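Trainee: Fit chain B to the known structure of chain A by using the hints.
Going line by line, the protein sequences match chains A and B. Position one of the first sequence corresponds to residue 11 (our numbering), numbered consecutively onward. Position one of the second sequence corresponds to residue 11 (our numbering), numbered consecutively onward.
Treat the hints as calculated values from the structure; they're not laboratory data. For clarity, every value in this text was computed on a predicted model and none was experimentally measured. Check before you lean on any hint, since a few could be wrong.
Pairs involving identical chains hold if they fit within one copy or between any two copies, as the list cannot separate such chains.
[Said to hold, decoys possible] Straight-line alpha carbon distances no greater than 20 angstroms define the calculated SDA-like cross-link-like pairs of lysine to any residue that follow: (1) LYS130 with ASP150; (2) LYS130 with GLY153; (3) LYS348 with HIS362; (4) LYS397 with HIS152.
If you want the building blocks of each chain, they are given just below.
Protein chains: 2
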Amino acid sequence: MSLIVQKYGGTSVGTVERLQTVAQRVAREHRAGHQLVVVLSAMSGETDRLLGLARAIQNPPSARELDVVLATGEQVTIGLLAMALEAEGVPAVSYTGAQVSILSDSAFNKARILAIDADKVRADLARGRVVVVAGFQGIDAHGNITTLGRGGSDITGVAMAAALQADECQIYTDVDGVYTTDPRIVPEARRLERITYEEMLEMASLGAKVLQSRSVEFASKYKVTLRVLSSFKEGPGTLITTEENMMEAALISGVTLNRDEAKLTVLGVPDRPGIASSILGPIADANIEVDMIVQNVSADGSADFTFTVHRNDYDKALAIVQTCAATLAARAVLGDRKIVKVSVVGVGMRSHAGIASRAFRALASEGINIQMISTSEIKISVVLEDKYAELAVRVLHSEFKLAEDP
Amino acid sequence: MSLIVQKYGGTSVGTVERLQTVAQRVAREHRAGHQLVVVLSAMSGETDRLLGLARAIQNPPSARELDVVLATGEQVTIGLLAMALEAEGVPAVSYTGAQVSILSDSAFNKARILAIDADKVRADLARGRVVVVAGFQGIDAHGNITTLGRGGSDITGVAMAAALQADECQIYTDVDGVYTTDPRIVPEARRLERITYEEMLEMASLGAKVLQSRSVEFASKYKVTLRVLSSFKEGPGTLITTEENMMEAALISGVTLNRDEAKLTVLGVPDRPGIASSILGPIADANIEVDMIVQNVSADGSADFTFTVHRNDYDKALAIVQTCAATLAARAVLGDRKIVKVSVVGVGMRSHAGIASRAFRALASEGINIQMISTSEIKISVVLEDKYAELAVRVLHSEFKLAEDP
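Bound-form chain A, shown alone (with noise of 0.2 angstroms):
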């Protein structure tokens, strides 16, 4: 018998159909002996016509009361579950976060996860009962509703699953599992069945949309079992666990690809100390996020910077560069839309030499050049030319034999 905790998102739950469905896998498993703690989303589309609502009132609406009317969302699915499961003779109780003590601080909209009531839950457990929780929501100190911000209902049931100490936290999805990289640009991409923590992390921030980094990181913190698997179609999903837990670590795990950003480019700097953060302060300020960073002195003493940021804030943030570059007495700005990032994750990298000169001469062979470099333990990153992208993706998936049972 396992105590397992299964979350599923909003197109899951979509309709009464797929709540059914939802509901004969958990009388299944119920059946089958183990204990189950359901954590649900809203109705899909129903957090945006709640939000819809709020806006046409008030906007931005105010923190506090935007929680109290999103919540309401999961609410009402957690309801629908419960019958849904005593309509298939399953004893079931839903709780709204307030209900199971979900305590969060106060940050209204963006809450965080405090603590959370385990005794309750393990009580109905023992008794037999499916818990179904809705997910993405909490209580403050002072009784007030939160929501957890964006991923928050992967992160309920990451946190009830490392509160109860459940075997598995499992985080149904549309899709069945993580793969070596995107199906439809390899169609041999193959799923894979154990992945690290760190890799998803990189595969997460990479643009493998599976799972929000927020819910993996907690997964890693509190050492809960993760895996993946599709609620529309039967399999076993990918795990994703501590590399101890890995078999046989595989030297890369995926190829990812991220076509969200853009570049941008000061040529001639004078090349002195704080060139760096006087271009990048005012882009912090601004609010705008920067991924990749490289620096590079010329033979001349002048020193070019290149940075990359999410391409919605491409505009925003060549007219803050422009700025600094006259500043700065640089020679030139220059900005790129049309370019993409392609990167190889793999925690064998560690212990292997050389993954970097084989997917450069990979890249090469293609005639494919490479405008920017970054690496870090467990990755290798390179901005191409946006006409490359598909290309690059199946030349590093072949290099490194991902297709292939490792």
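Mentor: Frame of chain A, contents of chain B only:
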């Protein structure tokens, strides 16, 4: 400075624009220096939408889980109204039934309020805030969400007013007060300035659909002064209070019409003890409510027994009575759907004799035949053939000069 509880129904908060209208009205009272607690229903249609979802999943739905789902309707409107008030520059805070501790029993779907934590509300009022409270919902001693059943938001308003010892509980509806009779039948019908709880109870149960009887009973028990007003039209509305608070009680307050009943008669039952219970027992067992009951003994020693039920229950009641009649060896069973009940209501009847005979004479003068009569301390009801409905109302309204100021 007064402490006023205002309650708005579903049509008053049915759209963003109407919510804003409510906010403007509340803001105006707030600026006039009053302390305000606002109790809200769900947006019109929302409770039915949620009930539809629930029934599509489980029918009948789990009582506990249905309340979890239904309670979201009011939670949305309180958050939105608090935003609308802040947009108007009025400090406001919303509370669900759980947050303001509207403690109820555990009778899901029809819970009764046991206590309210008025201190929390008083503290907010003292800080200059408008307090917006979700109607229709509470929380039981185990922390389960409950709903109060039909008319529940009115009950919340009255209970809140009682707990806070408010000066007045204002119930905003789509009519601008209680009228001497239905203005669609008698155009010169007059809005009553004041009416007693008892009269209002008779009016409510007799077919005037302004207030649920349960909330009037509750207000009467706790001596909460009620005022019925329109949320769409300015005006003083109608005050509902104790008889002692009436300057000068009118003889008659109103004439009501009820078209929802049907009549059943058992003819020629042997006149012996137990007839009534042998007929009405099976009716009660079938959960059919009986309104008027009349029994007469004929010259031949047999009895005729007549009663009325809701028209929806007529077929069921007729089948039951036909079975009883055979057992009782009754001569015949007659049924009649084409009847109406017209009533004259007024506390003045207590001290004035002859009201009944005046009413009967007025009806006779128009050739209207009376089929049944029933009286209480403050009302006279007659059952008539339905074709006389409007005529009877006009005759009685005119006979007691209800269009004139008292």
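Trainee: Please flag the earlier hints that this structure goes against, numbers listed from lowest up.
Mentor: Failing hints, ascending: 3, 4.
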